[in-house]
Amino acid sequence: MNVSFDDLHKAFESRIRLGIMSALAVNDTLDFSTLKEYLDVTDGNLATHIKKLEKEDFIGFEKSFIDNKPNTKYFITPKGKKAFTDHLNVMEQIINSQNSKG
Amino acid sequence: MKDQQDYIQDIAEIRSMMERSSKFISLSGWAGILAGLYALIGAWLSYSMLRFNPDEVFYSSNSLPEVILLAVGVLILSLITAIFFSQKKAGNNGDTLWNPTSKRLLSNMMIPFFSGGVLILILVLKGLIGFVAPVMLIFYGLSLFVAGNFTLKEVKILGITQIALGLANAWFIEFGLLFWAIGFGVVHLIYGIYMHFKYER
Numbered sequence: 001m002n003v004s005f006d007d008l009h010k011a012f013e014s015r016i017r018l019g020i021m022s023a024l025a026v027n028d029t030l031d032f033s034t035l036k037e038y039l040d041v042t043d044g045n046l047a048t049h050i051k052k053l054e055k056e057d058f059i060g061f062e063k064s065f066i067d068n069k070p071n072t073k074y075f076i077t078p079k080g081k082k083a084f085t086d087h088l089n090v091m092e093q094i095i096n097s098q099n100s101k102g
Numbered sequence: 103m104k105d106q107q108d109y110i111q112d113i114a115e116i117r118s119m120m121e122r123s124s125k126f127i128s129l130s131g132w133a134g135i136l137a138g139l140y141a142l143i144g145a146w147l148s149y150s151m152l153r154f155n156p157d158e159v160f161y162s163s164n165s166l167p168e169v170i171l172l173a174v175g176v177l178i179l180s181l182i183t184a185i186f187f188s189q190k191k192a193g194n195n196g197d198t199l200w201n202p203t204s205k206r207l208l209s210n211m212m213i214p215f216f217s218g219g220v221l222i223l224i225l226v227l228k229g230l231i232g233f234v235a236p237v238m239l240i241f242y243g244l245s246l247f248v249a250g251n252f253t254l255k256e257v258k259i260l261g262i263t264q265i266a267l268g269l270a271n272a273w274f275i276e277f278g279l280l281f282w283a284i285g286f287g288v289v290h291l292i293y294g295i296y297m298h299f300k301y302e303r
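So the sequence lines, in the order shown, correspond to chains A and B. Per my numbering: the first sequence ends with 102, consecutive numbering throughout. Per my numbering: the second sequence ends with 303, consecutive numbering throughout.
Calculated from the structure, these hints are not laboratory results. Only a predicted model underlies this, so the values are computations on that prediction, with no experimental measurement involved. Hints should not be assumed to be uniformly reliable.
[Claimed, not checked] Straight-line C-alpha distance at most 30 angstroms; calculated DSBU-like pairs for lysine-lysine:
#, chain 1, residue 1, chain 2, residue 2
1, A, K73, B, K255
2, A, K69, B, K125
3, A, K73, B, K125
4, B, K190, A, K36
5, A, K81, B, K190
6, A, K51, B, K125
7, B, K300, A, K81
8, B, K205, A, K36
9, B, K125, A, K82
10, B, K255, B, K300
11, B, K125, A, K52
[As the list claims (entries may be wrong)] From chain A, some residues computed to sit far from chain B (all C-beta separations above 12 angstroms):
#, residue
12, R15
13, G44
14, D57
15, D67
16, T77
17, K79
We put the beta carbon where it would ideally sit given N, CA and C, even for glycine.
Looking at chain A on its own, in the form it has when it is part of the complex (with noise of 0.2 angstroms):
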């Protein structure tokens, strides 16, 4: 089996931008207080970690109001989609490739 560690993509090496993303994989739209809620995080950590991933392009966001409170949605993108899938696939290769060498 042919993989290295360089196939993981480094966005992917925070715990929380995992979290993000495995968040987002199942849901249509989340918004930062949710994420908040589910990853146990600072406002201002979760605002790096997701600064990051828009970065990538791997999650989009769009604005509303709800009662004119601004309120942001995010969601992740295809791209994002198939670089987390990727990601998965990769751990998945390292940990069995690991554990037929014994």
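Based on these hints, arrange chain B on the given structure of chain A.
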């Protein structure tokens, strides 16, 4: 560099996050519409045929056994209908009905649901028939409110509506059957129609 254990841990957390954040979406508006109709028919039968219309806390009626049978019948019919339509919808979505999300939803909902059931049994045995309708509405509303954490957010609003009706009913005991028919009948109907048009067209 991460090692194998780290990746196994990563995968475990990804799986847990996906399960925790996914919502049960196989709810059908039709289940609400039909449950509402069953409840309205049940309320009408007990009022017109069984002459059952509690107007005070201590209330006795010769037709109490029939009314209880009727209520249990409405409950069972509504549950079967809800399971049938959810099963159908889950199948259409390529999902199974019995999954971690639905298990979590039910296990959380069970607590207020069965507490309410036992309390109603006690009220009936003690002859406090007037309190049965408000307690049913309140505990059913609590179950829905809890369930709303794991499914579409409208279920929470449905729960709050039932709780509010139950509390109002506790004050105006003499309108028990009417409140019951509004909560389990009319509110379910409106909810079902709304959900059907919002999510199923």
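Verification of the hints:
For the hint pairing A:K73 with B:K255, the CA-to-CA distance comes to about 16 angstroms; that is within 30 angstroms, so the pair holds. Restraint check: the Cα-Cα separation between A:K69 and B:K125 comes to about 25 angstroms, which is no more than 30 angstroms; the hinted pair holds. Proposed proximity of A:K73 and B:K125 is supported: the alpha carbons are some 16 angstroms apart, at most 30 angstroms. Taking the CA atoms of B:K190 and A:K36, the gap is near 34 angstroms; set against the 30 angstroms cutoff, the hint is violated.
Of the pairs offered as hints, the one joining A:K81 and B:K190 holds, with about 28 angstroms between alpha carbons and a cut-off of 30 angstroms not exceeded. Restraint check for A:K51 and B:K125: the C-alpha separation of about 26 angstroms stays at or below 30 angstroms, so the hint holds. For the suggested pair B:K300 and A:K81, the alpha carbons sit about 27 angstroms apart, so the restraint of at most 30 angstroms is met. Between the alpha carbons of B:K205 and A:K36 the distance comes to roughly 24 angstroms, so the proposed pair stays at or under 30 angstroms and holds.
Simply put, B:K125 and A:K82 have alpha-carbon atoms about 22 angstroms apart, close enough for the 30 angstroms limit, and the pair holds. Only pairs whose Cα atoms come within 30 angstroms are accepted, and B:K255 paired with B:K300 is accepted, the gap being roughly 13 angstroms. Under the criterion of a C-alpha separation no larger than 30 angstroms, the hint pairing B:K125 with A:K52 is consistent with the structure, at around 26 angstroms. A beta-carbon of chain B comes within 12 angstroms of the beta-carbon of A:R15; the shortest separation is about 6 angstroms.
Residue placement check: A:G44 keeps its beta carbon more than 12 angstroms from all beta carbons of chain B (closest about 21 angstroms). Non-interface status of A:D57 relative to chain B is upheld: no Cβ of that chain comes within 12 angstroms, the nearest being about 20 angstroms off. Interface exclusion of A:D67 from chain B stands, the closest Cβ pair being 15 angstroms apart, more than 12 angstroms. Once the 12 angstroms rule is applied to beta carbons, A:T77 is consistent with being away from chain B; the minimum gap is 18 angstroms.
Here A:K79 stays apart from chain B, with its beta-carbon at least about 18 angstroms from theirs, past the 12 angstroms limit.
Of the numbered hints stated above, those contradicted by the structure are hints 4 and 12, listed in ascending order.
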